[in-house]
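Asker: Kindly produce the complete structure, drawing on both the sequences and the hints.
In order, the protein sequence lines correspond to chains A and B.
Numbered by the numbering used here, the letters in the first sequence go through residues 162 to 541 in order.
Numbered by the numbering used here, the letters in the second sequence go through residues 43 to 138 in order.
These are calculated hints, taken from the structure and not from any lab test.
Check the hints yourself; a few may be wrong.
Said to hold, decoys possible - Derived, one-sided and incomplete: chain A residues facing chain B with beta-carbon distance under 10 Å:
hint, residue
1, T255
2, F257
3, D279
4, Q321
5, A324
6, N329
Backbone N, C-alpha and C define an ideal beta-carbon position, used for all residues, glycine too.
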Amino acid sequence: MKYADEFRDPKAARALLDRIAVVVDQIGATAERPVSIMEICGGHTHAIFRYGLDKLTPPGIEFIHGPGCPVCVLPMSRVDECVELAEQPGVIFTTFGDAMRVPGTRKSLLQAKADGADIRMVYSPLDALEIARRNPDRQVVFFGLGFETTTPSTALSIQQAAAEGLENFSVFCNHITVPPPIRALLDDPHMTLDGFVGPGHVSMVIGVHPYDFIAETYGKPLVVAGFEPLDLLQSVLMVLEQIRDGRAEIENQYARVVPEHGNPVSLAAIADVYEERPSFEWRGLGEIDASGLRIRGRYAAFDAEEKFGIGYGAGPRAVAEPEGCACGAVMTGRMKPVECPNFGTGCTPEMPLGALMVSSEGACAAYYQYGGARAATAAE
Amino acid sequence: MCLGIPGQIVEITDAPRMMAMAEVSGVRREVNVACIAQGPLAGLIGKWALIHVGFAMSEIDEDEAAKTLEALRGLGEAQETLEAMAAGDAALEGRS
Ligand code: SF4
Chain A
162 MKYADEFRDP KAARALLDRI AVVVDQIGAT AERPVSIMEI CGGHTHAIFR YGLDKLTPPG
222 IEFIHGPGCP VCVLPMSRVD ECVELAEQPG VIFTTFGDAM RVPGTRKSLL QAKADGADIR
282 MVYSPLDALE IARRNPDRQV VFFGLGFETT TPSTALSIQQ AAAEGLENFS VFCNHITVPP
342 PIRALLDDPH MTLDGFVGPG HVSMVIGVHP YDFIAETYGK PLVVAGFEPL DLLQSVLMVL
402 EQIRDGRAEI ENQYARVVPE HGNPVSLAAI ADVYEERPSF EWRGLGEIDA SGLRIRGRYA
462 AFDAEEKFGI GYGAGPRAVA EPEGCACGAV MTGRMKPVEC PNFGTGCTPE MPLGALMVSS
522 EGACAAYYQY GGARAATAAE
Chain B
43 MCLGIPGQIV EITDAPRMMA MAEVSGVRRE VNVACIAQGP LAGLIGKWAL IHVGFAMSEI
103 DEDEAAKTLE ALRGLGEAQE TLEAMAAGDA ALEGRS
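Answerer: See the structure below:
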């Protein structure tokens with residue numbers, strides 16, 4: 162129980178772990194026939210590894226690491242398009258730092274920057290707006306990336322740019338939404354998931370009802386969770402209790418931050434600026450219907466795809482993933498990161514081959530970062 | 043990028059643009075408060091919020107802010123966010 166001592170409240174953690182063990186027994190789950198729980202959000206994946214929750218919980222629980230890391234699911238073709246945009250004359254390409262090392266077919270943004278492209282890491286799309294104001298003779302492109310948590314920020318930034326008539330600002334929109342890949346995973350006949358731990362900060366924006374179909378159509382429980390370790394244990398317990406009782410409901414463990422109906426200002430901005438794409442490509446998962454957003458026609462002046470003619474609809478898209486990359490199998494729970502032949506050899510956080518190794522929210526990077534410490538603890 | 047960081051609103055800097063100064067782990071940073079604004083912006087001063095990529099997304103209480111910050115520190119995310127803010131400042135001047 163070494164890890165439990167690191168908890169803010171070790172006694173509460175132990176009590177929760179005891180209750181989890183009881184419910185796992187009541188369900189009759191074992192290491193051979195475990196209950197599979199997917200944590201959707203990459204922040205949760207990171208926390209599970211950091212606190213060794215996968216080791217502290219009974220062997221009858223298997224955590225499957227979901228597709229909720231936007232950097233990890235960014236397809237190579239999109240990285241290529243980023244590089245293409247960044248290499249346009251006169252362009253300042255702005256991006257979150259997380260995206261810099263994602264491999265493309267030609268190069269990553271980091272390599273493009275080393276080759277002379279003006280690529281700047283920003284904290285916020287507001288920084289990109291300010292760069293546009295200060296550089297009226299340059300075109301500033303912001304790489305809009307992320308789930309519903311960051312989507313409102315680019316929507317509000319585009320609205321602001323429109324209000325100011327800022328003509329040299331545009332967004333390369335790669336925003337994606339959480340529910341469609343969950344539906345795709347549940348439709349996969351090979352998938353054996355028993356329940357979900359739902360993302361906290363995405364849900365803060367969209368509320369809990371977009372998940373209703375998971376309970377109603379697929380009969381699986383989901384509990385929206387905070388990302389403190391105690392939140393996660395509590396949420397896992399709630400999922401297990403539903404499984405034991407034969408219930409399938411959408412519950413909210415993180416109600417102190419997540420309102421039932423989400424954040425109305427954010428939702429209004431998203432609806433004003435974005436519309437669904439017919440489909441969007443996810444690294445390792447392929448094209449998923451209605452899973453991505455694009456900028457509406459009324460804001461076309463701020464859409465980098467329109468402005469530069471780069472992106473969806475501008476050419477053939479199918480791009481293979483790098484040779485030997487098992488990211489797709491890892492993301493659908495068919496393979497553990499360590500089972501990938503490249504893990505730790507051809508693919509490390511310093512030199513990632515696959516995207517799951519790029520961000521600390523990616524399952525492979527989390528395994529890599531905390532795997533050593535865990536093995537040492539187990540040996541004690 | 044996806045995990046927010048708690049900050050305390052200390053000043054309204056540009057009301058028409060919904061901008062306020064927030065103090066995040068000892069660092070001051072201008073943030074957009076449109077998503078948590080209900081009524082006059084001055085009412086936000088002293089309040090805590092979860093800040094995502096420069097936008098205050100959800101009001102939280104002080105205790106929740108402290109717990110969240112501790113969880114972020116445990117994950118190394120607090121440091122990462124502060125570094126990203128510094129990188130953003132550098133990018134404005136073209137220093138990044
Ligand atoms: S080790 Fe690298 S290549 Fe293999 S699945 Fe993980 S990220 Fe992909």
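Asker: Each of the hints needs a verdict: does it hold here or not?
Answerer: Quick rundown of the hints versus the structure:
1. T255: holds (7 Å)
2. F257: Hint holds; A:F257 Cβ to chain B Cβ min 5 Å, cut 10 Å.
3. D279: holds (8 Å)
4. Q321: holds (7 Å)
5. A324: holds (9 Å)
6. N329: violated (15 Å)
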